[in-house]
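A.B. asks: Using the sequences plus the hints, can you model the full thing?
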Amino acid sequence: MKSLWINPVLNKEIKLRFRSFKGFLGVIFYLFALGLVALGFIIVSTMYGQAAIFRPEESRMMFTVLSFVQMVLILFMTPGLTSGAISGERERQTLNILLTTPQSSVTIIISKLVSSISYLLLMMIASLPLYSIVFLFGGVSPSLLISTFCIYLITMIAIASLGVMFSTLIRKTIISTIVTYGVTVFLAGGTAFLTTIIGQLFMYQQYSQSIVPYLTAMFNPFFILLSNFESYLTDEIQRLSGIDFPLMASFIIIYVLISVLAIGISIKKLRPRMKAQKRIG
Amino acid sequence: MIETVNLTKKYGSFTALDSLNLKIEKGTVFGFVGHNGAGKSTTFSILSTLLAPTSGTAYVNGYDVTREPKKVRNHIGYMPDFFGVYDQFKTVEYLDFYGASYGIPKHEREILIPQLLELVNLSHKKNEYVDVLSRGMKQRLCLARSLIHDPEVLILDEPASGLDPRARIEMREILKELKSMGKTILISSHILPELAEMCDEIGVITNGRLVASGSVTSIQNQLKANKIIHVKLTADLEKAIVFFEDEPKISNLSKNDKHDDTITFSYSGTDVEQVELLKKAVSNGLQIISFGQEETDLEDVFLEITKGVDFS
Numbered sequence: 001m002k003s004l005w006i007n008p009v010l011n012k013e014i015k016l017r018f019r020s021f022k023g024f025l026g027v028i029f030y031l032f033a034l035g036l037v038a039l040g041f042i043i044v045s046t047m048y049g050q051a052a053i054f055r056p057e058e059s060r061m062m063f064t065v066l067s068f069v070q071m072v073l074i075l076f077m078t079p080g081l082t083s084g085a086i087s088g089e090r091e092r093q094t095l096n097i098l099l100t101t102p103q104s105s106v107t108i109i110i111s112k113l114v115s116s117i118s119y120l121l122l123m124m125i126a127s128l129p130l131y132s133i134v135f136l137f138g139g140v141s142p143s144l145l146i147s148t149f150c151i152y153l154i155t156m157i158a159i160a161s162l163g164v165m166f167s168t169l170i171r172k173t174i175i176s177t178i179v180t181y182g183v184t185v186f187l188a189g190g191t192a193f194l195t196t197i198i199g200q201l202f203m204y205q206q207y208s209q210s211i212v213p214y215l216t217a218m219f220n221p222f223f224i225l226l227s228n229f230e231s232y233l234t235d236e237i238q239r240l241s242g243i244d245f246p247l248m249a250s251f252i253i254i255y256v257l258i259s260v261l262a263i264g265i266s267i268k269k270l271r272p273r274m275k276a277q278k279r280i281g
Numbered sequence: 001m002i003e004t005v006n007l008t009k010k011y012g013s014f015t016a017l018d019s020l021n022l023k024i025e026k027g028t029v030f031g032f033v034g035h036n037g038a039g040k041s042t043t044f045s046i047l048s049t050l051l052a053p054t055s056g057t058a059y060v061n062g063y064d065v066t067r068e069p070k071k072v073r074n075h076i077g078y079m080p081d082f083f084g085v086y087d088q089f090k091t092v093e094y095l096d097f098y099g100a101s102y103g104i105p106k107h108e109r110e111i112l113i114p115q116l117l118e119l120v121n122l123s124h125k126k127n128e129y130v131d132v133l134s135r136g137m138k139q140r141l142c143l144a145r146s147l148i149h150d151p152e153v154l155i156l157d158e159p160a161s162g163l164d165p166r167a168r169i170e171m172r173e174i175l176k177e178l179k180s181m182g183k184t185i186l187i188s189s190h191i192l193p194e195l196a197e198m199c200d201e202i203g204v205i206t207n208g209r210l211v212a213s214g215s216v217t218s219i220q221n222q223l224k225a226n227k228i229i230h231v232k233l234t235a236d237l238e239k240a241i242v243f244f245e246d247e248p249k250i251s252n253l254s255k256n257d258k259h260d261d262t263i264t265f266s267y268s269g270t271d272v273e274q275v276e277l278l279k280k281a282v283s284n285g286l287q288i289i290s291f292g293q294e295e296t297d298l299e300d301v302f303l304e305i306t307k308g309v310d311f312s
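The listed protein sequences derive, respectively, from chains R and Y.
Each step along the first sequence adds one to the number in this note's numbering, with nothing skipped, and position 16 is 16.
Each step along the second sequence adds one to the number in this note's numbering, with nothing skipped, and position 278 is 278.
Simulated from the structure, these hints should not be mistaken for laboratory data.
Do not take every clue at face value.
Below are the DSS-like pairs computed for lysine-lysine, each with C-alpha atoms no more than 30 Å apart in a straight line [what the hints assert, rightly or not]:
no., chain 1, residue 1, chain 2, residue 2
1, Y, Lys258, R, Lys268
2, Y, Lys280, Y, Lys239
3, R, Lys22, Y, Lys125
4, R, Lys15, Y, Lys239
5, Y, Lys279, Y, Lys258
6, R, Lys172, Y, Lys125
7, Y, Lys71, R, Lys269
8, Y, Lys126, R, Lys15
9, R, Lys15, Y, Lys138
10, R, Lys172, Y, Lys10
11, Y, Lys70, R, Lys269
12, R, Lys22, Y, Lys71
13, R, Lys268, Y, Lys70
14, R, Lys15, Y, Lys125
15, Y, Lys279, R, Lys15
16, R, Lys22, Y, Lys10
17, R, Lys172, Y, Lys70
18, Y, Lys227, Y, Lys279
19, R, Lys22, Y, Lys126
20, Y, Lys106, R, Lys15
21, Y, Lys71, R, Lys15
22, R, Lys268, Y, Lys71
23, Y, Lys10, R, Lys269
24, R, Lys172, Y, Lys90
C.D. replies: This is how it looks when you write it as structure tokens:
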């Protein structure tokens, strides 16, 4: 088990990623974007007040806004970080050599994934001081912060797994990137659109129930994030669909499934299919 | 030891490799000759476990490449014809990464890597980024990488391609050293005379089929069925032409274009018959000062073997 987590491939990935100037720029860009939003929010909310005061309700509001912006940033960065994981090596003509080493497909894929996620985690951790503004003014419990970060992590792993999968299946990084962004846009925007449209359709037919809004909403990280703050939306969706099972739980199950499936496919497709090991006897 | 049995690779209707049967004994340097797209790289990819064959089997040191790919990987050092390096690594780090990938402990790597760099003449570049190395240096670094786990079998796809003459000579010297270390080497190259000098055996592949294989001299002899002979005379050229035209195993007799004192013809006789022919010519009073056979090198062999093969 130890060799799976501390292995040469992961070591190499982390070294190369954190050594490049690009890696540093990524963190700068991330914090700058997030900081701008936080600062903008404080300026706007204190601009029209009598005194320059920042109330706990506003602090909670700011936390919500920051969380959504951070989710957008995660959804924006994860595909870019992962969709070239394998195809990039293939294009740089380093993959063949890597595949002739005894490093297993599992190690290579998991290492690629872990290194991308650790980079995203670094950005998230680097953004924590921004959240301290929120804590300074109150209104948000630590448990809310933890659950929010858990949602990020689950989303991140699923999108990263999809990115690695497409980069294994598709030879060209550019196409793999487009496909990964396409799927991400569908998960983040497409499912929200579908849920809203279908929700509207059924709202006028009080007697009928449909599980469709539930099915589309459980894929949407924004709905899940929102339900973490305010439960009215998910309550409504669950009422409309008549399903008692919590939306959050369905989200976790489905995203974990996506991750497992995508990682499994990547591992299987990294190397050519060989015959099964000869049975002894 | 490398062996392939009816090794075949098809891409749809295109056959890249057609029932290849090869047997390379331990310690042999085997040169693989063929035009681009003949199936050399396909064979190398299968032997390196990067490609699954459509049918047939291949063994490296007795391990089936499709059934025990992990064991095969531990026994081969593979150098592809085109390869990249991780630019952000320093030379030492580059080798260290692959050493670790082969499970070599850190303290052993620290001893091994300077030795390898010494072998490929890169000791002075050990702390440079791989990015700044010249093509020849990268090529040598890649060779050092393929040696890191001390494999018995080396699979080198065009190790000298794209190198300037000096870098090519350096590469050849390193390969000679590896040969003296007793490694089994499977090597492909476009540059045939270089292969001839180094290889114990060569195999010629065209359109996925092995058309000739054996020692360099035996292949040359196979093709020398029709030798080209040049005869230089001091006088009586016309008389000589009349004499040689009457001989049974001579064809395509002509005056040499460049030298008007020389005649050239194809001869299909054996070496013994050739001696008799010369004796007879001299005893017939021909003023021969030179009677020589044209040297054929591997280039000619290759052209002869692949003659009439459709390369399109």
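A.B. asks: Compare the structure with each hint and give your call.
C.D. replies: Tested hints:
1. Y:Lys258 to R:Lys268: 65 Å, violated
2. Y:Lys280 to Y:Lys239: 14 Å, holds
3. R:Lys22 to Y:Lys125: 26 Å, holds
4. R:Lys15 to Y:Lys239: 81 Å, violated
5. Y:Lys279 to Y:Lys258: 26 Å, holds
6. R:Lys172 to Y:Lys125: 33 Å, violated
7. Y:Lys71 to R:Lys269: 20 Å, holds
8. Y:Lys126 to R:Lys15: Given pair Lys126 of chain Y, Lys15 of chain R holds - Cα atoms ~18 Å apart, limit 30 Å.
9. R:Lys15 to Y:Lys138: 21 Å, holds
10. R:Lys172 to Y:Lys10: 23 Å, holds
11. Y:Lys70 to R:Lys269: Between Lys70 of chain Y and Lys269 of chain R the Cα gap is close to 16 Å, so the pair holds against 30 Å.
12. R:Lys22 to Y:Lys71: 38 Å, violated
13. R:Lys268 to Y:Lys70: Holds - the C-alpha atoms of Lys70 of chain Y and Lys268 of chain R are around 15 Å apart, at most 30 Å.
14. R:Lys15 to Y:Lys125: 20 Å, holds
15. Y:Lys279 to R:Lys15: Given that 30 Å is the threshold and the Cα spacing comes to 76 Å, the pair is violated.
16. R:Lys22 to Y:Lys10: 42 Å, violated
17. R:Lys172 to Y:Lys70: Given that 30 Å is the threshold and the Cα spacing comes to 27 Å, the pair holds.
18. Y:Lys227 to Y:Lys279: Cα-Cα ~18 Å, so holds.
19. R:Lys22 to Y:Lys126: 25 Å, holds
20. Y:Lys106 to R:Lys15: With a Cα-Cα distance of about 17 Å, the restraint between Lys106 of chain Y and Lys15 of chain R holds, given a limit of 30 Å.
21. Y:Lys71 to R:Lys15: 28 Å, holds
22. R:Lys268 to Y:Lys71: The hint holds at about 19 Å.
23. Y:Lys10 to R:Lys269: 19 Å, holds
24. R:Lys172 to Y:Lys90: Holds, because 27 Å separates the two Cα atoms, which is no more than 30 Å.
Of the numbered hints listed earlier, those contradicted by the structure are 1, 4, 6, 12, 15 and 16.
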